[in-house]
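As given, the protein sequences belong to chains A and B, one line each in that order.
Mapping of the first sequence onto this note's numbering: residues 1 to 114, in sequence order.
Mapping of the second sequence onto this note's numbering: residues 1 to 114, in sequence order.
Just so you know, these hints were derived from the structure itself, not from any lab.
Some hints here could point you the wrong way.
Claimed, not checked - Okay, the calculated beta carbon distance ranges per label pair:
id	chain 1	residue 1	chain 2	residue 2	range
1	B	K83	A	K71	18 to 26 angstroms
2	B	R98	A	P114	17 to 25 angstroms
3	B	S9	A	E15	46 to 54 angstroms
4	B	R80	A	D31	45 to 53 angstroms
5	A	P82	B	R80	13 to 21 angstroms
6	B	S9	A	A29	32 to 40 angstroms
7	A	P82	B	D63	22 to 30 angstroms
8	A	A79	B	T102	40 to 48 angstroms
As the list claims (entries may be wrong) - Covered stretches of chain A (chain B as the covering partner; in silico rule of three or more C-beta atoms under 8 angstroms from a C-beta of chain B):
id	region
9	61-75
10	102-113
Said to hold, decoys possible - Heads up, simulated BS3-like pairs for lysine-lysine below, C-alpha to C-alpha not over 25 angstroms straight-line:
id	chain 1	residue 1	chain 2	residue 2
11	A	K56	A	K106
12	A	K106	B	K42
13	B	K57	A	K42
14	A	K109	B	K57
15	A	K56	B	K78
16	A	K56	A	K68
17	B	K57	A	K113
18	B	K83	A	K109
19	B	K42	A	K42
20	B	K42	A	K71
21	B	K83	A	K68
Glycine included, every Cβ here is placed at the ideal spot set by N, Cα and C.
Each chain, written out:
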Amino acid sequence: GESVGLHLPTLSVQEGDNSIINCAYSNSASDYFIWYKQESGKGPQFIIDIRSNMDKRQGQRVTVLLNKTVKHLSLQIAATQPGDSAVYFCAEKRGLGSQGNLIFGKGTKLSVKP
Amino acid sequence: EPEVTQTPSHQVTQMGQEVILRCVPISNHLYFYWYRQILGQKVEFLVSFYNNEISEKSEIFDDQFSVERPDGSNFTLKIRSTKLEDSAMYFCASRTDRGTDTQYFGPGTRLTVL
């Protein structure tokens, strides 16, 4: 069926290393993608987004890459810090006809070792 | 920085009782959403609301659910007769209509149905 999913449920990295969190989507009609960070007991916090007419977008220490050919999305976090420890969700917005509701993936738990 | 707020943070209720979850979206936003997250699972879309009416809803959002914008600031989710399986975190989100699809989430209400 159509869904947004994640390749790895957990990721453990050393402080200072770069992190890469991956996401696969199956709906080619999706025109917008977004990454959220969720800390324990809190709501999803916006990190970065990208539209389907782009391949790459950079923010502060974060980069999102979109490969529409293989329907793959990734989040890169540079110089990972302990405060980056959280669950990261990717989400997609379906294209034409959608009022904007997001379809979320299952989440990847990022643990940063000091 | 403006943010979405939600009350209460935790609601405990008996099965069959009605609950109302409250949200105050960001003030200049016009699209409003409710999502839920069962413990340990992904975030699921419930309903979107725009121009004082529901614009889209998921199959989860059955006749037991309703939404309302009773005034210029609040956005509520009502569950008429709660079931055990309604226990979850409920998140409100909002976005502006000014050329962005970015949704900003509130901190959530943890609903526990006993």
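Hint check:
At about 36 angstroms, the CB distance of K83 (chain B) to K71 (chain A) disagrees with the hint of 18 to 26 angstroms. The hint said 17 to 25 angstroms for the Cβ distance between R98 (chain B) and P114 (chain A), and at roughly 41 angstroms that hint is violated. Checked against the hint of 46 to 54 angstroms, the pair S9 (chain B) and E15 (chain A) fails, with Cβ atoms roughly 31 angstroms apart. At about 35 angstroms, the beta-carbon gap between R80 (chain B) and D31 (chain A) misses the expected band of 45 to 53 angstroms.
Between P82 (chain A) and R80 (chain B), the C-beta spacing of about 44 angstroms breaks the proposed range 13 to 21 angstroms. Between S9 (chain B) and A29 (chain A) the Cβ separation comes to about 37 angstroms, which falls inside the hinted range of 32 to 40 angstroms. Checking the proposed 22 to 30 angstroms range against P82 (chain A) and D63 (chain B) shows it is violated: the Cβ atoms sit about 46 angstroms from each other. Checked against the given bound of 40 to 48 angstroms, the beta carbons of A79 (chain A) and T102 (chain B), roughly 25 angstroms apart, lie outside it.
Proximity of the region 61-75 of chain A to chain B, defined as three or more residues with a beta carbon under 8 angstroms from a beta carbon of that chain, is not established by the 0 residues found. A count of 6 residues in the region 102-113 of chain A with a Cβ less than 8 angstroms from any Cβ of chain B is obtained; the coverage claim is therefore met, three being the minimum. For the hint linking K56 (chain A) to K106 (chain A), the alpha-carbon distance of about 22 angstroms falls within 25 angstroms, and the restraint holds. For the hint linking K106 (chain A) to K42 (chain B), the alpha-carbon distance of about 5 angstroms falls within 25 angstroms, and the restraint holds.
Our distance criterion of 25 angstroms between C-alpha atoms is met by K57 (chain B) and K42 (chain A), whose separation comes to about 24 angstroms. The straight-line distance between the Cα atoms of K109 (chain A) and K57 (chain B) is roughly 29 angstroms, outside the 25 angstroms bound, and the hint therefore fails. Note on K56 (chain A) and K78 (chain B): the hinted pairing is violated, with a Cα-Cα distance of about 40 angstroms set against a maximum of 25 angstroms. Annotation: proposed proximity of K56 (chain A) to K68 (chain A) holds, straight-line Cα distance about 11 angstroms (limit 25 angstroms).
Annotation: proposed proximity of K57 (chain B) to K113 (chain A) is violated, straight-line Cα distance about 41 angstroms (limit 25 angstroms). The straight-line distance between the Cα atoms of K83 (chain B) and K109 (chain A) is roughly 29 angstroms, outside the 25 angstroms bound, and the hint therefore fails. The suggested pairing of K42 (chain B) with K42 (chain A) holds, with an alpha-carbon distance near 14 angstroms, which does not exceed 25 angstroms. With a CA separation close to 20 angstroms, the supplied pair K42 (chain B) and K71 (chain A) stays within the 25 angstroms bound.
Taking the CA atoms of K83 (chain B) and K68 (chain A), the gap is near 41 angstroms; set against the 25 angstroms cutoff, the hint is violated.
The earlier numbered hints that this structure contradicts are 1, 2, 3, 4, 5, 7, 8, 9, 14, 15, 17, 18 and 21.
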